[in-house]
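Student: Listed here are the chains, written in short residue letters.
2 protein chains.
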Amino acid sequence: MLERLPDVVNARGTHVTVPMQGSGTFAVEAMLTTFVPRTGKVLLLVNGAYGQRAKRICLVAGRRIEVHETAEDTPPDLAEIERVLKADPAITHVFTVHCETTSGILNPIAEIGALVERYGRRLLIDAMSAFGALPLDATKTKFDAVAASSNKCIEGVPGLGFVICREPALAETQGNATTLVLDLYDQWQGLAKTGQYRFTPPIHVIVSFHQALAEFWAEGGQPGRGRRYAENCQVLIDGMRELGFRTLLPDRLQAPIIVTFHMPKDAKFVFQSFYDSLKERGYVIYPGKLTVADSFRIGCIGRLNADHMRGVLAAIAQVLSELGVKSLRSAA
Amino acid sequence: MLERLPDVVNARGTHVTVPMQGSGTFAVEAMLTTFVPRTGKVLLLVNGAYGQRAKRICLVAGRRIEVHETAEDTPPDLAEIERVLKADPAITHVFTVHCETTSGILNPIAEIGALVERYGRRLLIDAMSAFGALPLDATKTKFDAVAASSNKCIEGVPGLGFVICREPALAETQGNATTLVLDLYDQWQGLAKTGQYRFTPPIHVIVSFHQALAEFWAEGGQPGRGRRYAENCQVLIDGMRELGFRTLLPDRLQAPIIVTFHMPKDAKFVFQSFYDSLKERGYVIYPGKLTVADSFRIGCIGRLNADHMRGVLAAIAQVLSELGVKSLRSAA
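Keeping their order, the protein sequence lines are chains A and B.
First residue of the first sequence: 0, per numbering that gives the first Met the number 0; consecutive thereafter.
First residue of the second sequence: 0, per numbering that gives the first Met the number 0; consecutive thereafter.
If we strip away everything but chain A, and leave its shape as in the complex, we get (with noise of 0.2 angstroms):
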């Protein structure tokens, strides 16, 4: 199971995949803190709540830090990501989002992908919502680390994350942790002597891994996958655009992941109502998590299809009826 997952990433005898007990973050506090050594040095791009978190994991590990901070629906700057670079040699490790959730934004992997790699410096990727949907290339994008879950594009169930790592990097990574539980090379070695895990593993949530990932291999993986939700996300911005409503993002820069919507400025749209009645029609919608704007959003990804987003226009334009709503066009 462990063994083809780096297929998705074209990484099949270059990458060896980690598991990790637990969520998603400490998947990516155990990459931050294995492949970025006490002495190292992590440039940070951030333009979210999983990029300030990444920023924290380093800052209470001890890392020493230089953070690029771009707005929340702004990408980073790659120009000035070449200059930090060029500046400041001690920096050993680039990290990025691959889909920073916070908008629902792309970033641009590639090219920063092959920044650092001109660069000679080394990539660490958080992929949480974007691993088995987005595709990343690690023949074309070096990377030593990409960090994900069993729960999001995976569609398995919450408690177990894992990092696929180049293995010559992971080979240089030992003594680096500062924690044991989360430190991937211990974890590797252990796996790979005794073909067992150190701690005890959530099995439960691991024999789920492994139907969702047959499930995952069924489709198509990731180019079937990354339909599937791409056609989801099109339904559901055509639709709301439809309504009236107008996304945060230009479509450039929208991954098929979670999309950000404005908040319509009409009176009569009163969010925590639209919420519940969403929610009673048996839709969950995210509040927004945006400091640029009043925003709300909703989810491309899990086991849905275009059908259900389709049922959530539907849900959404009766409720907005029963809001009153009736100008958003013009109102927006």
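What the hints contain is simulated information worked out from the structure, not anything from laboratory work.
Treat the hints with care, since some could be wrong.
If several chains are the same, the list does not tell them apart, and a pair holds so long as it fits within one copy or across any two.
Within a straight-line C-alpha distance of at most 20 angstroms, the following computed SDA-like cross-link-like pairs (lysine to any residue) qualify [to be verified]: (1) Lys40 <-> Arg120; (2) Lys54 <-> Thr177; (3) Lys40 <-> Thr177; (4) Lys139 <-> His67; (5) Lys288 <-> Gln271; (6) Lys278 <-> Arg52.
Fit chain B to the given chain A structure using the hints.
Tutor: Structure of chain B alone, referenced to chain A:
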């Protein structure tokens, strides 16, 4: 659910439960790295693999330690603990394992607690395999924290640990942690403020834990569950002695959790054959983990009762006969 857990150790109103995703070791590492500040020093009482693991956690996390180690069949030396505490005022915390499953030994938690209290230090307990089965009374044995998990004596599925923390002591731990995900203070505050886990919880594991706790309380809580395990243990030991096996530990040191038996010296007793034949009959036992003696172990916990223990005894008698082991009692 979490609110009632302190009742198990008579700590209602004084202690709070902080859950932690991952295996039990995640909870132990969270406890050690949250409660022992970077300027602290912890005296580790070691007489088996779990004490050794705590030592590794502290070394990796950069906490200063002092180790009092005794053989795997020997409880810590209370006079020596007293001498160390007197001699070294830098020691802020004492760590002990309630039941060390390496041998199955019951460590003298009340006596250790009394010493730690007398010398004004803080007690941290790894009660992984004991919690819910062996008595521990927070009003008598003063501890700052006790770590346990969903999947030992509570009989849930693995994937969630928890630490029962004395609230004023936990309140002092802000900023101690050297990891984000294992920071019990932050986890506690996050739950208190939002009612939610900071990071995706293993929800299916938690649902199972709810059910396991309902069954635990229905059985009469710790006294009821402890009684069943004690009976399991007594039936096992009596029957094994009847067959000529010898326990590693004298009865006064034996916890009713897991029992270590000396490997018989009879040349016809081949452990691998013994293990495999029992497994074929549906009974999985444990290889020994000892350095002090060649041994194997049989567990008493989980959804087992005296009939199951009689079942394994009958199977063992059959397997001995198959192996041609006849004279165990005189040979042992």
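Student: Does each hint fit the structure? Answer for all of them.
Tutor: Evaluation of the provided hints:
Proximity of Lys40 to Arg120 under the C-alpha cut-off of 20 angstroms is restricted to the intra-copy arrangement: shortest distance 10 angstroms within a copy versus 37 angstroms between copies. Taking the shortest alpha-carbon separations for Lys54 and Thr177, both the intra-copy value of 16 angstroms and the inter-copy value of 14 angstroms come in at or below 20 angstroms. With identical chains, the CA atoms of Lys40 and Thr177 are at most 20 angstroms apart both within one copy (15 angstroms) and between copies (17 angstroms). For a Cα distance limit of 20 angstroms, the shortest separation of Lys139 from His67 qualifies neither inside one copy, at 24 angstroms, nor across copies, at 53 angstroms.
For the homomeric pair Lys288 and Gln271, the shortest alpha-carbon distance inside one copy (15 angstroms) is at most 20 angstroms, but the shortest distance between copies (57 angstroms) is not. In this homomeric assembly, Lys278 and Arg52 never come within 20 angstroms of each other (Cα to Cα): the closest approach is 29 angstroms inside a single copy and 46 angstroms across copies.
Hints 4 and 6, counting from the list given before, are not met by this structure.
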